[in-house]
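**Student:** Protein chains in written order, with the numbering used here: chain C, 1 to 330; chain Z, 1 to 330.
Keep in mind the hints are simulated off the structure, nothing from the lab. Computed from a predicted model, the values in this text were never measured in an experiment. Heads up, some of the hints might be wrong.
To be verified - Once the Cα atoms are required to be at most 27 Å apart in a straight line, the calculated DSSO-like pairs of lysine-lysine come out as:
#1 C/Lys168 <-> Z/Lys38
#2 Z/Lys171 <-> Z/Lys53
#3 C/Lys38 <-> C/Lys171
#4 Z/Lys184 <-> C/Lys171
#5 Z/Lys168 <-> Z/Lys38
#6 C/Lys281 <-> Z/Lys38
#7 Z/Lys281 <-> C/Lys281
#8 C/Lys168 <-> Z/Lys171
#9 C/Lys171 <-> Z/Lys38
#10 Z/Lys168 <-> Z/Lys184
#11 Z/Lys168 <-> C/Lys171
#12 C/Lys184 <-> Z/Lys38
#13 C/Lys184 <-> C/Lys168
#14 Z/Lys184 <-> C/Lys184
#15 Z/Lys281 <-> Z/Lys184
#16 C/Lys38 <-> C/Lys53
#17 C/Lys184 <-> Z/Lys171
#18 Z/Lys171 <-> Z/Lys184
#19 C/Lys168 <-> C/Lys38
#20 Z/Lys53 <-> Z/Lys38
#21 C/Lys184 <-> C/Lys171
#22 Z/Lys53 <-> C/Lys171
#23 C/Lys168 <-> Z/Lys53
#24 C/Lys53 <-> C/Lys184
There are 2 protein chains.
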Amino acid sequence: MSLLRRDPTTGRWVVFSDNASPVPVEPGPCAFCEGNEKLTPPEIVAWGRGGRKPNGPGWWVRVVPNARPLFTIEGRLERRADGMYDATSGTGAHEIVVESPEHEHSLSELSPEQVARVLRAYAQRIEDLKRDGRVRSIFIFKNQGVLAGAGRPGHAHSQVIGLPVTPKALKELLEGARTHYQLKERCVFCDILREELAIESRLIQVTDRFVSLSPYASRHPFESWILPREHAMNFESLGGADIDDLAAVLISLLRRLERVLPEPSYNLFLYSGPNHAVHPKRWPTLANDFHWHIQILPRLVHVAGFEVGSGFYANPVTPEQAAAVLRDVL
Amino acid sequence: MSLLRRDPTTGRWVVFSDNASPVPVEPGPCAFCEGNEKLTPPEIVAWGRGGRKPNGPGWWVRVVPNARPLFTIEGRLERRADGMYDATSGTGAHEIVVESPEHEHSLSELSPEQVARVLRAYAQRIEDLKRDGRVRSIFIFKNQGVLAGAGRPGHAHSQVIGLPVTPKALKELLEGARTHYQLKERCVFCDILREELAIESRLIQVTDRFVSLSPYASRHPFESWILPREHAMNFESLGGADIDDLAAVLISLLRRLERVLPEPSYNLFLYSGPNHAVHPKRWPTLANDFHWHIQILPRLVHVAGFEVGSGFYANPVTPEQAAAVLRDVL
Chain C
1 MSLLRRDPTT GRWVVFSDNA SPVPVEPGPC AFCEGNEKLT PPEIVAWGRG GRKPNGPGWW
61 VRVVPNARPL FTIEGRLERR ADGMYDATSG TGAHEIVVES PEHEHSLSEL SPEQVARVLR
121 AYAQRIEDLK RDGRVRSIFI FKNQGVLAGA GRPGHAHSQV IGLPVTPKAL KELLEGARTH
181 YQLKERCVFC DILREELAIE SRLIQVTDRF VSLSPYASRH PFESWILPRE HAMNFESLGG
241 ADIDDLAAVL ISLLRRLERV LPEPSYNLFL YSGPNHAVHP KRWPTLANDF HWHIQILPRL
301 VHVAGFEVGS GFYANPVTPE QAAAVLRDVL
Chain Z
1 MSLLRRDPTT GRWVVFSDNA SPVPVEPGPC AFCEGNEKLT PPEIVAWGRG GRKPNGPGWW
61 VRVVPNARPL FTIEGRLERR ADGMYDATSG TGAHEIVVES PEHEHSLSEL SPEQVARVLR
121 AYAQRIEDLK RDGRVRSIFI FKNQGVLAGA GRPGHAHSQV IGLPVTPKAL KELLEGARTH
181 YQLKERCVFC DILREELAIE SRLIQVTDRF VSLSPYASRH PFESWILPRE HAMNFESLGG
241 ADIDDLAAVL ISLLRRLERV LPEPSYNLFL YSGPNHAVHP KRWPTLANDF HWHIQILPRL
301 VHVAGFEVGS GFYANPVTPE QAAAVLRDVL
């Protein structure tokens, strides 16, 4: 069982686990390919052809426990004082969404129908994990390429983490959104959408339901966000047609990035509302002030001391330059 | 002139500058070596033998402007609205502290006297930059090794950045310290010192004036902090004997890290109080609640999506394990 500790000076949480050390990829068959289902822990859920047997072939998208989890669903959640400090048991979830039965390397190579299935798997995992009162927030992300920290090159997959605490980066977003709402009685992300649709220079793609754009204070060259145009706190509330549109916008954005940056390393983050039912008083205006969205952060260079130590980023490419390139490249 | 932009959702600042893009190191003589003074911009200050001429040989420690600065001291500081967003001119300082006239590769190879000179240079630069009302905070750091983002391999140097805003990471520390003080009327770092000196398992070295330790929620294996035992907000208030003791503790810590991690990549961060005179009401209890310190963050692996996106770190080595190794290795 892993152990969570909180830094008392910043509120940052750290999980201590042997599984945090990277292990070399062993040669051999890919555990994520169709036909090799026995090489992963038993699946949590999968979608596929009718009549398919669990842990057998015939699936389109498959969710399995991470074989080296940072958080585990077994055991009682224990929060305790540790001298002057705070610690929590590593109770939570650490799952892998295998994005395709074939050995594709990137989400962008999949069909729109397949990407929509992956997004539906995300929504189902969030809904399911929110039923667990020990889970305070769910973080879904994807590491693509070595510079983005992808440990297992090869088969396209995402990670779902269910946490017994609200991680610092999500908390900052939630608090930033709440502060803006308290000041203006408007959602900061809705304000961003209005501003960007009016100015246009940072837009990448606009559909009826979604906007992809280069954010005003992009941390790295070609950082890109996808926001739903209609205000919604939770990703999992998306309807079927919304999901289909989002899949098309996401594939388009990844293909644009791949045209501009050959074999790009990037992280994809899905920021959606925390498990509100567990903690309703902590975020009383959440439904009004938070707006789920996707951030894609290309990783071109190693993040240096200045960024890590100050939280201040340095970027040689303005979002206006980046958006102009990404708009026209497809 | 570079441009600063603030992310409205998190308060994170980003500096946009052509100088943010890495450039390949050109072959040729080292601009930081004694005798090559003409290869850097004219020096800001240097310490050396009596009768030495500026920008000539005979120095022990030399401070020069960064040839590719992210912030520049020239020009009026302009803070302005940019539609719904906030922007600031890139007014500030970006300096290099050349740590030795010889082409040494690491601070740990220098004599205690020489490291003390480097630390005195830090203090002088902070004092000098605090006289500039445009500078809100000063961040001093060192990148050692490729994984830490060191752009220029070779000659040991640190960077001094004077900023027209308080960067997010320092702000988090200041706010965390203030929150603790408001609750307990005690400095959180003084509390940490008392706790760690009592428990002992996370201590690396203890002298009359300083403690080096593995922090409770270490982000990476062998993260290490050096704290002054006596409460002090500002690094630059250190006396001469304190500086000599700190130099010895710092060299000892770096040598311990080098024994455990061959050719380690690490970042060194000096967190000291902001330019309080510029903004006294923003941090009314600063002198009581903030405690300067040094953080050394070894960089063993690439920081992956989970850390970047969630602000949650995963670490396979507990600080108790790390401190036991570092204590006994010298």
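**Student:** Now look at each hint and say whether the structure bears it out.
**Tutor:** Against the structure, the hints come out as follows:
At roughly 46 Å between alpha-carbon atoms, lysine 168 of chain C and lysine 38 of chain Z are farther apart than 27 Å, so this suggested pair is violated. With a C-alpha separation of about 40 Å, the suggested pairing of lysine 171 of chain Z with lysine 53 of chain Z is violated against the 27 Å cut-off. Only pairs whose Cα atoms come within 27 Å are accepted, and lysine 38 of chain C paired with lysine 171 of chain C is rejected, the gap being roughly 38 Å. For the suggested pair lysine 184 of chain Z and lysine 171 of chain C, the alpha carbons sit about 23 Å apart, so the restraint of at most 27 Å is met.
Under the criterion of a C-alpha separation no larger than 27 Å, the hint pairing lysine 168 of chain Z with lysine 38 of chain Z is inconsistent with the structure, at around 36 Å. A distance of roughly 63 Å separates the Cα atoms of lysine 281 of chain C and lysine 38 of chain Z; the hinted pair therefore is violated under the 27 Å criterion. Simply put, lysine 281 of chain Z and lysine 281 of chain C have alpha-carbon atoms about 30 Å apart, too far for the 27 Å limit, and the pair is violated. A hinted pair counts as satisfied when its Cα atoms are at most 27 Å apart, and lysine 168 of chain C with lysine 171 of chain Z qualifies at roughly 14 Å.
Restraint check for lysine 171 of chain C and lysine 38 of chain Z: not satisfied, since their Cα atoms lie roughly 49 Å apart, outside the 27 Å limit. Straight-line distance between C-alpha atoms of lysine 168 of chain Z and lysine 184 of chain Z comes to about 24 Å, which keeps the hinted pair within the 27 Å bound. Distance check on the hinted pair: lysine 168 of chain Z and lysine 171 of chain C sit about 14 Å apart at the alpha-carbon level, within 27 Å; holds. For the suggested pair lysine 184 of chain C and lysine 38 of chain Z, the alpha carbons sit about 54 Å apart, so the restraint of at most 27 Å is broken.
Note on lysine 184 of chain C and lysine 168 of chain C: the hinted pairing holds, with a Cα-Cα distance of about 24 Å set against a maximum of 27 Å. With a C-alpha separation of about 33 Å, the suggested pairing of lysine 184 of chain Z with lysine 184 of chain C is violated against the 27 Å cut-off. For the hint pairing lysine 281 of chain Z with lysine 184 of chain Z, the CA-to-CA distance comes to about 21 Å; that is within 27 Å, so the pair holds. Restraint check for lysine 38 of chain C and lysine 53 of chain C: satisfied, since their Cα atoms lie roughly 13 Å apart, inside the 27 Å limit.
For a cut-off of 27 Å, the pair hint linking lysine 184 of chain C to lysine 171 of chain Z stands: about 23 Å separates their Cα positions. For the given pair, lysine 171 of chain Z sits about 20 Å from lysine 184 of chain Z by alpha-carbon distance, which is consistent with the 27 Å threshold. For the hint pairing lysine 168 of chain C with lysine 38 of chain C, the CA-to-CA distance comes to about 36 Å; that exceeds 27 Å, so the pair is violated. A C-alpha spacing of about 13 Å is found between lysine 53 of chain Z and lysine 38 of chain Z, which places the hinted pair at or below 27 Å, so the restraint holds.
With a C-alpha separation of about 20 Å, the suggested pairing of lysine 184 of chain C with lysine 171 of chain C holds against the 27 Å cut-off. Pair hint lysine 53 of chain Z plus lysine 171 of chain C does not hold up; C-alpha atoms about 54 Å apart against a cutoff of 27 Å. A distance of roughly 51 Å separates the Cα atoms of lysine 168 of chain C and lysine 53 of chain Z; the hinted pair therefore is violated under the 27 Å criterion. Restraint check: the Cα-Cα separation between lysine 53 of chain C and lysine 184 of chain C comes to about 53 Å, which exceeds 27 Å; the hinted pair is violated.
Against the hints set out earlier in the document, violations occur for numbers 1, 2, 3, 5, 6, 7, 9, 12, 14, 19, 22, 23 and 24.
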